[in-house]
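**Q** Protein chains in written order, with numbering that gives the first Met the number 0: chain A, 0 to 200; chain B, 0 to 367.
Read the hints as simulated data drawn from the structure, not as lab findings.
Hints are not guaranteed to be accurate.
[What the hints assert, rightly or not] Straight-line alpha carbon distances no greater than 25 Å define the calculated SDA-like cross-link-like pairs of lysine to any residue that follow: (1) B:K209 / A:G101; (2) A:K88 / B:R181; (3) B:K287 / B:F202; (4) B:K210 / A:K88; (5) A:K58 / A:Q29; (6) A:K96 / B:K89; (7) A:K88 / A:G101; (8) B:K153 / A:R199; (9) A:K96 / B:G17; (10) B:K210 / A:E95; (11) B:K242 / B:T16; (12) B:K209 / A:A98; (13) A:K96 / A:G185; (14) B:K210 / A:V93; (15) B:K209 / A:F186; (16) B:K209 / A:K88; (17) B:K209 / A:D64; (18) A:K96 / B:Q127; (19) B:K209 / A:G68; (20) B:K153 / B:Y191; (21) B:K209 / A:E45; (22) B:K210 / A:G68; (23) B:K153 / A:L63; (24) A:K58 / B:T19; (25) B:K287 / A:E45; (26) B:K210 / A:Q194; (27) A:K96 / B:W203; (28) B:K287 / A:E192; (29) B:K210 / A:G56; (30) A:K96 / B:V260; (31) B:K313 / B:I129; (32) B:K153 / A:Q193; (33) A:K58 / A:V11; (34) B:K89 / A:L195; (35) B:K210 / A:R199; (36) B:K210 / A:V11; (37) A:K88 / B:I129; (38) B:K209 / A:R199.
Spelled out from the first residue to the last, the chains are:
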Amino acid sequence: MKLVVVSAGLSVPSSTRLLADRLAAAVDRQADVDIQVVELRDLAVEIAHNFTSGFPGRKLADALDAVTGADGLIVVTPVFSASYSGLFKSFFDVLEKDALVGKPVLVAATGGSARHSLVLEHAMRPLFAYLRAVVVPTGVYAASEDWGAEGLPERIERAAGELTALMSGLSGLSARRSVPKPVSGGFEVIPFEQQLNALRP
Amino acid sequence: MQFGIFSVGDVTPDPTTGRTPTERERIKAMVAIALKAEEVGLDVFATGEHHNPPFVPSSPTTMLGYIAAQTEKLILSTSTTLITTNDPVKIAEDFAMLQHLADGRVDLMMGRGNTGPVYPWFGQDIRQGINLAVENYALLRRLWREDVVNWEGKFRTPLQGFTSTPRPLDDVPPFVWHGSIRSPEIAEQAAYYGDGFFHNNIFWPADHTKKMIELYRSRYAHYGHGTAEQAIVGLGGQVFMRKNSQDAVREFRPYFNEAPVYGHGPSLEDFTDQTPLTVGSPQQVIEKTLAFREYAGDYQRQLFLLDHAGLPLKTVLEQLDLLGEEVVPVLRAEFAKGWAADVPDAPTHASLLAAAQKEQQEKKEAAV
């Protein structure tokens, strides 16, 4: 199974990336997964250009393909101004709107204090619900203080377990979805007669 | 192979002077550009259709009729005609009228339009864009091919005993291209009817254009109109030339940086690397355009965008001189080399008329 980790951390080293790696490692312990990490910082300029030019640059196109082709996602953002960062949102804004349909997603966030922890519920979860992804019940929020306190490892394990279960359960489904339609070139085509007949009164 | 230009018809301030042309100046400039296209030996002039500022061409057949009166050879076309928000009855009438006035030098390109509010302004719903394109075009074809049409559909008032006038010139409807950048449904539609497919690749990377054209070609063959290689493909191109490539870059950069479509985005260098835009010498334009064939195959129509982003008319006319004198003659010669013998040229009124007459003759002989 292919697990893609999207991290929107900006600093190096980044606690957002640290949390992303902990979550990915926990999934890796529970299932046989290929892990690919997408660092949005490296794609920031191409993401901005996608908004002005209308198409992704090469690195961004590869990242979007990886996310679209994943069996499951871990997405992690720092909290900026009471929500996910603009860069994090922008990446999902340039993704095709159907790319995440039915895909298991683990949402996670980092912040300076625990007071922002509900960002998972009022920002992250609605975003991925809109994209018709399947968000695992446990989201993981790590405030600065959590890195020196009890509880974070247990939440990571629980969330990773939920993601692993969904990925395993849904991998059969996504295999069915990817049965090729009768056309080359990576497009799904509705035969024209069908399109025309649907309009007949 | 046909070479031509297509215009968006934008009224944009010249970023080097701050001056904005009046609508009248811009409309007259489009006409001057079309006349120049014929003078320098190009084959096609196509105008966009827009119903919002800063664009002027809302009434393409009015403009094309005026150009037809002042030209002899130029094929007059559109890029695109809005098959979604125009009444197909009016399209049938307007373009048949233009065919007669222009002695058949007319084809057109269907498009859906990319400005959301235009749909409600014309009483339509953008969410029905594809369905409008499908139903309206199916009706348009019947209006041109059947003298009396009885029709009922989803989007338009039913027609009982309706005859669209004038009838198409020689009873041969104009050839139709379907333009789409990213909708496989439109490539499928073009393939189904055996019409042309135009991919306006100018803001898109080659691998995307390649996928869309491959889809159209394979479906064209699927519907039995010929082999995939024989399908009728058109491409865009966007160029700015000076004899010396550094001069071209220096002169075009301020226009690029402020251009309405891609300004304030990627650098000129990135954009020329990733899209068909070429800013440089005529030789560079030749090389880049010839390379389109590597992913598009032998294709029938190449349209260039020259007049946009506030470039002054004088500069655009100089571009046309370079295109006509130094670029297109070489492209014609080079594209002709290795062109597969069984790949047809883009249909024209003359070729469609000849085909119709041949078909009639064969029917007669079969009846005897």
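**Q** Please write out, lowest number first, the hints stated earlier that are contradicted by the structure.
**A** 1, 4, 5, 6, 9, 16, 23, 24, 28, 31, 35, 36, 37 and 38
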